[in-house]
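Quick mapping for you: the protein sequence lines, in order, are chains E and Y.
Counting along the first sequence from 1, when you hit position 436 you're at 435 in numbering that gives the first Met the number 0, and nothing is skipped either side.
Counting along the second sequence from 1, when you hit position 78 you're at 77 in numbering that gives the first Met the number 0, and nothing is skipped either side.
Hints listed in this document are in silico derivations from the structure and should not be mistaken for laboratory results.
Note that the coordinates shown come from a computational prediction; the quantities given were computed from them, not determined experimentally.
Hints should not be assumed to be uniformly reliable.
[As the list claims (entries may be wrong)] According to the in silico footprint, chain Y covers these stretches of chain E (three or more CB under 8 Å from chain Y):
hint: 1; segment: 70-80
hint: 2; segment: 107-116
hint: 3; segment: 406-418
hint: 4; segment: 436-449
hint: 5; segment: 458-464
C-beta atoms are modelled at their ideal positions from N, C-alpha and C, and glycine is treated no differently.
Chain residues, written in single-letter form:
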Amino acid sequence: MRTKRASLLVTLLGLAGLCAAREAASYPHAFTPQQSKSEEELLTLPGELGRPGGRLVVSLRAEPKTLNPLTAVDAPSREVILGAMQADLVHINRATQLTEPALATSWRVSADYLQYTLTLRKGLRFSDGHPMDADDILFTFRVYLDENVHATQRDLLLIGGKPIAVRKVDALTLVFQLPQPYGVGERLFDGLAILPRHLLEKPYTEGKLAETWALSTPANLWAGLGPFRLKEYIPGQRLVLERNPYYWKQDGKGTRLPYLDELDFLFVPSSDAQVLRFQSGDTDVISRLSADNFFLLQRQQRGFTMADAGPGLEYNFVFFNLNDLGEKASSEMARKQKWFREVKFRQAVSLTVDREALVRLVYQGRGAALWGPVTPGNRRWLNTSVPHPARSLDQARRLLKEAGFSWTNASNGDSVLVDSGGKPVEFSILTSSSNADRTKMATLLQDDLKQLGMHVQVAPLEFRSLIERVTQTKEYDACLLGLVSFDADPNSDLNVWLSSGGTHLWNPSQAHPATTWEAEMDHLMEQQLSATTYEQRKKLYDRVQEILAENQPMIFLASPHILAGAKDTVGNFHAAVLEPYVLWNVEQLFQRDGAGSNSK
Amino acid sequence: MRYFLRRTIQAVLLLFGVSVLTFLFSALAPGNYFDEMRLNPQISSETLASLRAQYQLDRPLPIRYAYWVSSVLRGELGFSFAYNTPVGPLLWVRARNTLLLTLTATLLAWALALPVGIWSAASLGRWPDRALSGATATFLIVPELVLALGLLIFAVRTNWFPTGGFVSTGFETLSPANKLRDIVLHMALPVAALALSSLPILLRHVRAAMAEVLGAPFLRAAEGHGIPRQTLLFKYALRAAANPLISLFGFSLGALLSGSLIVEVVMSWPGLGPLLLEAILARDVYVVIGGVLLSTIFLVGGNFVADMLLYRADPRIRTESAAK
């Protein structure tokens, strides 16, 4: 009996050795896992226990452009890198919108809110098996903050224009020194991928970091801390990721996550084609659905579940050109800007918008009417006391009359709104031609405003031309746009509300605030940046929302719901309102039948 | 020989002209690749300016053109802002997939158009010809896009064909025979869409060219001599009608890289279509310029091949160019 057991043990050890050797062969840097389990501090996740194995297939609207977190700016690259391949020190839970431990098990904030001390998880390894420690973190922040690297993350790590400093205390402890108090410093770490020093230090010193980790990188030269690692990239077709065997999370039963063996991203260039591929069973999950497609899939439901996660963080709005154009302004533009600068004019426009109709007609009811930038999906920061005035043409007319506008009858009998100089109120609204929802919204707005006697033209423009007009040449009257906050926290929209911000769309990059209410908003936003308790910050941000409602520099319209779907076989599928909507818990997703999408 | 030399010089000049014009037009288009980041509240204008400088978007146009020409000579065809890699390799891989699709479709369309067109011309004015004319007219007015969408709906309804892509997931686990079957099934619908959209034009040309020749006195004479109809049609008439068809074949070759872009996007075929569409929208200008240049090379090449074939087929061209 004893010999039998011993031989079984030898066989098992032999098999394990073989597996390790195979792994080491495909990953030259691989270290065979010698550490005992007790030295590893795995994070245990709650949730439905899944079944290991299988493959999940997801479609992407466009190919990711790179696997390099430093140069990734396009949505597909960010979705793949941040959603599946990399991990951050502290993570914002997409479902609760609160921070939670990730690579750092805990963090301590000094009394003056200038120092954050982070403790790293023990026994962390990159996906190639190389151990990760505090030196990798020092390297990562050195790279992010280096001006010559041009990392887009650098702006996030500058507070009040000064960079964060990082110091290593020991192999597992780091101190982050902030240049000025920052209330929610730990949120800064979300989405900041930790880079492997052993692979990237050489290209960094050679100044070739931007070109490394292109899509064609061999799998063994890439490493991350996320649930999946690179397996194969086929240009124009798909990106195949495989399970990271060193991932640092486990389920309630102690099974190491992720459950799935493989995660495939298919490149499907149009949203309708994405729906077709999902319908025909080629893909397992689908997100970013338009209301039309959502209804279509819901009607034909065959073996899949559709989910409405409620309003997301996208807010759509219309704004007028309030830029100081100086000499550049034509007399016609100067006249129009006189109307636009009149707060009663903007309030009247806001009162005329039929927001409920927008939600009904544009989003087929799968959306929320908005009176401010914070959507009902962001419960923690929404100021519920901001008034939601009902549509009122009478009140709008009264406001316009008070502001010196009047009405005359045109030759065809229509009532025409004229300004104090007797000129008819006519302007155009720019909108992105590639966004059908916004174009529809602009047309509805045109109809609404006609009832006030305003003659509005809708001008759909190709997206980049539109951005150039709004931010560079400033040759426009009004514009209908939408912004999506990356995070539920107000700091993610700092540059929208600060008058010096580049995305302060109605009058960007001001040297000094043009109006007193903009000065007040600047002051409030800066105050909330350094305020330390949620209550203090909420009070300050509530006031910002009130100022926006009073002055209407942006007339907020509506926010679409986050609509997604998954095959019934996909376990743990819960759509979130923060990106990545469906893959946010990719390590816990599993195939109930153990296989997943396969060839037809 | 001088004839070919002249054609080559013309081709090079044409390519130079096309490159200058596309460069100019892409510079005139409002907005640039980094503009979308302007709407990202988390990226500052200083970072944007440094990115623009890094990719030399702030340099004057002639200098950018000079840089680009030097990279063309290295085979890189410029640098993609989005992919952070040279454009050449991006285009080659996808051009291969495009060619697989378009070559198959073009060959199929020609293989159908020649016999059917000849047959239609031979039965000129009778009912088979009329029925065919009706059918070609119908296909002529249906845009390629609608045709592709229709085929996709067919695929979803019947589940007989895949709804897009190049291969199925799990392709690597299939046996060689099944791999071939998988690719053929994926190619079937896009090839059908492309072939059906080019077939009517080819048919009409073949029919017209043949009909013109069939009325010629030398063929009537040949018919009177009792030469069999098959030999008459395929040996004598087709040769006489070949001139316009060879020119048309040149155009078919020229359109190999540019003719399938819409179908590729609709059917998510991993060719040049999706890449170029995205590059145009994102102002990844060197990818666009590279794509245009490559298509022009094909167009010029197609015409060149047609010229050579004409030179061989038509003795009049040979004597004309010899006389010069």
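To see whether the hints hold, each was checked on the structure:
Coverage of the segment 70-80 of chain E by chain Y holds in this model, with 3 residues showing a Cβ closer than 8 Å to a Cβ of that chain against a need of three. Counting residues of the segment 107-116 of chain E whose beta-carbon sits less than 8 Å from any beta-carbon of chain Y gives 0, not enough to reach three: the coverage restraint is violated. Proximity of the segment 406-418 of chain E to chain Y, defined as three or more residues with a beta carbon under 8 Å from a beta carbon of that chain, is not established by the 0 residues found. Counting residues of the segment 436-449 of chain E whose beta-carbon sits less than 8 Å from any beta-carbon of chain Y gives 0, not enough to reach three: the coverage restraint is violated.
Only when three residues or more bring their CB closer than 8 Å to a CB of chain Y does the claim for the segment 458-464 of chain E stand; here the count is 4, and the claim holds.
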